[in-house]
Every structure is written in structure tokens, then in C-alpha cells.
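Student: Read off the chains here:
Number of protein chains: 2
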Amino acid sequence: MLDFKLLKNDGATKARAGLIHTDHGTIRTPVFMPVGTRGSVKAVEQRELLEINAPIILGNTYHLYQRPGVDILRKFGGLHSFMSWPRPILTDSGGFQILSLSDLRKLSEEGVEFRSHIDGSRHFFTPEKIIEVERTIGADIMMVLDECPPYSAEKDYVSKSLDLTYRWAMRCKEKFSGTTPLYNFEQYLFGIVQGGTYPDLREKSARGLVEADFDGYAIGGLAVGEPVEEMYKTADFVTDILPENKPRYLMGVGTPANLLEAVERGVDMFDCVLPTRNGRNSQVFTSAGKLNVRNSTYAEDESPLDADCDCYACKNYSRGYIRHLFSVDEIFGLQLASLHNLRFFISLMEQTRLAILNDRFVEFKSETLGRMKSLKKEET
Amino acid sequence: MLDFKLLKNDGATKARAGLIHTDHGTIRTPVFMPVGTRGSVKAVEQRELLEINAPIILGNTYHLYQRPGVDILRKFGGLHSFMSWPRPILTDSGGFQILSLSDLRKLSEEGVEFRSHIDGSRHFFTPEKIIEVERTIGADIMMVLDECPPYSAEKDYVSKSLDLTYRWAMRCKEKFSGTTPLYNFEQYLFGIVQGGTYPDLREKSARGLVEADFDGYAIGGLAVGEPVEEMYKTADFVTDILPENKPRYLMGVGTPANLLEAVERGVDMFDCVLPTRNGRNSQVFTSAGKLNVRNSTYAEDESPLDADCDCYACKNYSRGYIRHLFSVDEIFGLQLASLHNLRFFISLMEQTRLAILNDRFVEFKSETLGRMKSLKKEET
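Chains A and B are the protein sequences, given in the same order. Counting from 829, one number per residue, gives the positions in the first sequence under my numbering. Counting from 829, one number per residue, gives the positions in the second sequence under my numbering.
You may find that some hints are simply not true.
When chains are identical, the list treats them as one kind, so a pair holds in a single copy or across two.
With a cut-off of at most 30 Å between alpha-carbon atoms, the simulated DSS-like pairs for lysine-lysine come out as follows [what the hints assert, rightly or not]:
1) Lys1001 with Lys1143
2) Lys903 with Lys1143
3) Lys934 with Lys957
4) Lys1118 with Lys903
5) Lys1143 with Lys988
6) Lys842 with Lys957
7) Lys1001 with Lys903
Just so you know, these hints were derived from the structure itself, not from any lab.
Put together the whole structure using the sequences plus the hints.
Tutor: This is how it looks when you write it as C-alpha cells:
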């Protein structure tokens, strides 16, 4: 069973600070996890991830299963060794990617058949198969196979999907219990709460999974197009049902404000492609708000992306230089913006954690969100 | 006058080892200079250039003049400060780029008029203007404006071009002498020997420039399509005319073998986009020869790109992992291949220098070139 220590509950909100122990190191929560879908966090080096203090990164089972594939991953002794990453890894099961990326997907009780979006080859993922693949990848934290219905789905569809996802989760758990890690460290399994924005379905999903006693619980099927208030309400509702003594992970979320709002509602873990994807598009997160560093406004700006930031980009380069790199399409521009954005998200969670431990989460959140609005007027 | 110390002449060949002192540090020759055309060596960070011991990098006057432009460079205190690079910079004048990249170029006695390849804007570069721009960039070593005729040019054309290039060089020298650095360090000016593969024209060019007493001499107009033996012959011929006590720079050259052959013929300095351009295309230089790491041969290869290399890529990642990065189009793949290739070129010149200092250049060259053929059969 995953060793999760709850260190502190905020007095005024559901925010909490904790520690997750894994054989690859300790994760301090709340935590933001950079996304390294295919064994690389885009445009950022592994040693830079250590430098910006990323405690854990994500990999994606659907993508890694296709390339490099399980044979190569097994030969290299798993993903940690393949990509030379010493800290924990969490793998998403790829349920979401199968549904959003692959052609000709066919769901059945048994599992999901799909055609690869890369070479058209046919594959069949069962809950058991996903566990085998995640064992081979060697993630510290593995996710069950789930179906993630679109926001537009009717309640009746969501309800049926939920039941299937529940049965799949149970099969994942059974397969997980009946197998052991391939490499020399422990692995853990999280359940995924689904149910769209329907409280009764969310409750049913959460209660079923809690009863089955997973190592932790993800809240899936959010940030898929629903209004942000619905997302907050649903997260709030679900964390009330989840046990205190297990980590809670809000999948695919989100903006700095989303993170703070969700922490307030009792969430511990987050992942999102936003920092790296936006970084590659010259959008930079700062303590004063978002800016587009490609903007000509910044051509002569000698200040760093964010004066409050301690990353390599902010300690060494000006907005003017980084703006130039983007305007002449130099790769170094997107390296710097990606690195900075990741540091910004990681640092935001580090500061949030400190605030919780120091009984000042509410003030911290309000100050931080207030300051992030300062740039709003400059942006066009 | 540039402080160049000739430490050692090889007994058996014209190879030599020396030291170039600049206010931004000492350059040990022979030296390979990474190309950072627009203020960034593509996909490689400035701290990584320090880590792989790049003693000096290049910038390009034509490109930097257009973007970010002289106003911004002046405002930031020159290119060193703009890009946070503490070591020496050499700027090519951009003569070659004007002729190869820009539309509607019109050469006259006065200078060259051209239309920017970026926005179509019209510009006029005179020798005096180039010096002003290079003063504003703040390169430690500046190159004169020259015309670089194509290899296909008739002797008559090359001869006339040479005379114009000579008059331009004299005007550059005069402007250089009549101006002072804008920032707090010395700058130096190199002449460029032209003359195609015609010995009499090369001799005329070299003698004229030597008489004018530049800080160093570049050999231009080679590696533009001529047979490699012609390149070696011409370099050999020209270094016989150039003074012993000034550095010699073979522009735009070349492969590892080219470098060793040119060192043997008395050349001290090299620059080339090969390591970074090839790196971005998954072509990797190793002590056993070139390989294409994207090749499926390397999918399960747990060895580093080059077991003899001390770079970050070789110390931490396998060919199999880097092959995977290229096959899924991860930017990190080209970062690692570029970094490694640069280290390979820099290290090759470091080892060459040691061999010269230890009186074993001939053996070193023969061993090194011999070993580089080992991979030939594997490549298809």
C-alpha cells in the first residue's frame, strides 16, 4: 500500500499538505507533475527537470506502448532506465488518448480495440493488458484503464460508461494484485473517478473505487470542456467522498488559478501540458500574469521573464533576448520558455504547500491570484 | 594588435599550436568554433557551450543586423551581453550571406545593395557600414566585407572580384582604425584571402592583405563546391604566404577529416554548421565514423553515441533512447545530437592540439582518420 503521510489540513479550507513515499523518492504534495508523454518532457532535459525540482513526471501508456514499445522498454529495464530519470514516474493508462487520437475504436466489455494513429496497426487493450504494459514501463504510480466520455455525453451514456469503467478498474486491480514489479522497486495503482458533472454518478464511482481500496484516486473526465465552476464543484464533491489518507489527483488540470482552486477543494496532484505547450508558443506564465514574449512590446525589455523566478532562463536571459529567439525561430527560445513555465508551476505548488504548512493558504491564494491579474491590461 | 602566441610548430608538417588572447578569454588553437548565426547555437544552451568547452562562437553580421538589429544590440550593450555569452565571439561580415540569401543584390565599388530575404526591405552595406555594425555587435574578432564568388566563376570574374574585395578590405581597415570599441573590451579585424582555386590570384590576395597587416587572416571562398583536394591545395598554398605570427582561419570548414587535413597545412581556426545541422538531422559524428542514430539498427542499442565522448548525451543516454526521441520527433533528440556533435568537433581539436604539442600529430591524424572508417560498412 502506498505510503502517504498527511502532514497538515488547512484550518479554513480543504487544502492539505502531504508526503508520498516511493522507491524513487518522496513527493511533497500538493504537486505539479510535468508531462513527458513519450519519455521526454518536451524541449526540457532530464537534468533540468531535477534542477527545477520536478519531483515526479508523467509518461503515457498508449504512446509508450506504440513507441518505443514494450519489448524495448523491457530490454532497457523500464522507462526510468531508458530515459535516465531517477525520480518517480506516473503513467496514465492511455484510455483518454485511445478515445481522442486513434481511429476506429471499438469498446466492448472485454476492452477497447483501436487502430494506431501512427501506422494504422490494430491493437486490443484490456484492463489486464494495460497493467502488463504499465508493469513493463515500470511506472511508480500506474493508472487503471478507463473510458473518459466527452462533456457532451448524455447522462445515460455516462452512467453506462461508468459501470464499464468500474468493472475495468476491478479487473485492473485484480491483475495488479496477481502480478509483481519487473524491476527492483514497488509500483502502485490509482483508481479513476468518472461520472461527468453528475453528482450521483460521481458519488457512485467514487464509493465503488474507495471500497476497492486503491493506492490513490484520480478525478478523471474533467477539463474536457465543462465550465470551470462545474469542474471546481465536481472536484469539491468528489474529494468529500475520497478517504483522507490517500492522495487525490486531478487529471489534466490546469492553469495556475485552476490549481489553487482545486488545492482549496482538497486535491493533491496535478498534471498538464499547459506549461510546455504554451512555452513552445511563446506564452509565458509569470507571477504578474501571462504574457506572450514574442510580442514586440518585449523587444527592448531587459528584465527577465519573471523577476521572482529562480530558473536558468530568468537568472540569465532577458525578455528581449528570448523575444528575439522566438522571432527568428531559434529552438533555444522554446527551451527557455518551457523550462521557465515548468518551474513556475512547480514553484507555485511549492509555495502553496508552504502556505498550507504555515496556516496561510487563504491569504496566499488571494494574494497570488490578485498579483496574477496585474499584467491583464498590458496583454492584447 | 591581437596577441597570438605560437607555442609549437609540428616537426613533420605545417601543423601548429597557439594561443589567442582576447579580453573575453584565451583561445587555444587549433580550434573549432560553433556557429551561433543569430545569437544562439541551434538547440544548444550557452551553459552547455561552456560545459563542452567551446572557447569562442560565431555570430553573423548580415543576420544580426536584420534581427534583432543594431539598435537593440546597442541598447543591450552588444551581443555578449544580449545573449549572456562570456567568452569570445567572432562575427562573419555577412558578405557570403548577402550573396547567397538575399534577393536583388547589386555590387558596386561603393558596396552592395540587397533586399532582405526576410521582409524584402532594401539595405546598402559598405565596408565602413559593416565595421560600424560589427562594432555595435561587439565581436572580439571582426571580419572584413568581402565578395565570395561561386566555384563556377570564371577566372576573369574572380580576378576582378578580388580587386574589389581588396579595396573593400582596405576601407574596412581604415574605418576600423578610425573607430574605437563601443564596449569595454578590445576588438580585432581579420582580412579574408579570396581568389578561388587560382594560385596566382590567391597569392595576390594574400600578399596584399599581409602587407596591410591585419590581426589575422581568413581563407575564404573555399568549401563552396570545389573538389576537396583543391581545397587542401589552396589552403596549403595560402598558409605558405601568410605570416607565422598571425592566426589563420579557414572559413566554413568542415568535416573532421577536413579539419585534420587543414591543420596539417597550417590552419588554426575553423567554423562550420555541420555538427549542429547534422545533429538536427540525427546524423552523429563518432570516433568510429558517422552514424544515423534514427536508423532502426540502433533501436535496442544500449551504448552511448560515442563511448569515447565525455558529453552530457554520451554520459547519460543510449543510442536506443536517442533513436526513440528522433523517431517520435522529440526536440530533446536534436538537442542531444547537436550537443554531442559539437563536443566531438571541439574535442577533436583539443586532442589535435595535444598531439601537436607532444610531437605526435602525424600518428594522431592517421590513427584518428583510420578509426573513423570503422563504421563505414555498417552504414547503408
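Student: The structure should be examined with respect to each hint, and the outcome stated for every one.
Tutor: Tested hints:
no., hint, in the structure
1, Lys1001 with Lys1143, "neither (46 Å within a copy, 39 Å between copies)"
2, Lys903 with Lys1143, "between (40 Å within a copy, 19 Å between copies)"
3, Lys934 with Lys957, "within (16 Å within a copy, 68 Å between copies)"
4, Lys1118 with Lys903, "between (43 Å within a copy, 25 Å between copies)"
5, Lys1143 with Lys988, "neither (52 Å within a copy, 51 Å between copies)"
6, Lys842 with Lys957, "neither (36 Å within a copy, 66 Å between copies)"
7, Lys1001 with Lys903, "within (26 Å within a copy, 62 Å between copies)"
Hint compliance for this structure: hints 1, 5 and 6 are not met, and every other hint is.
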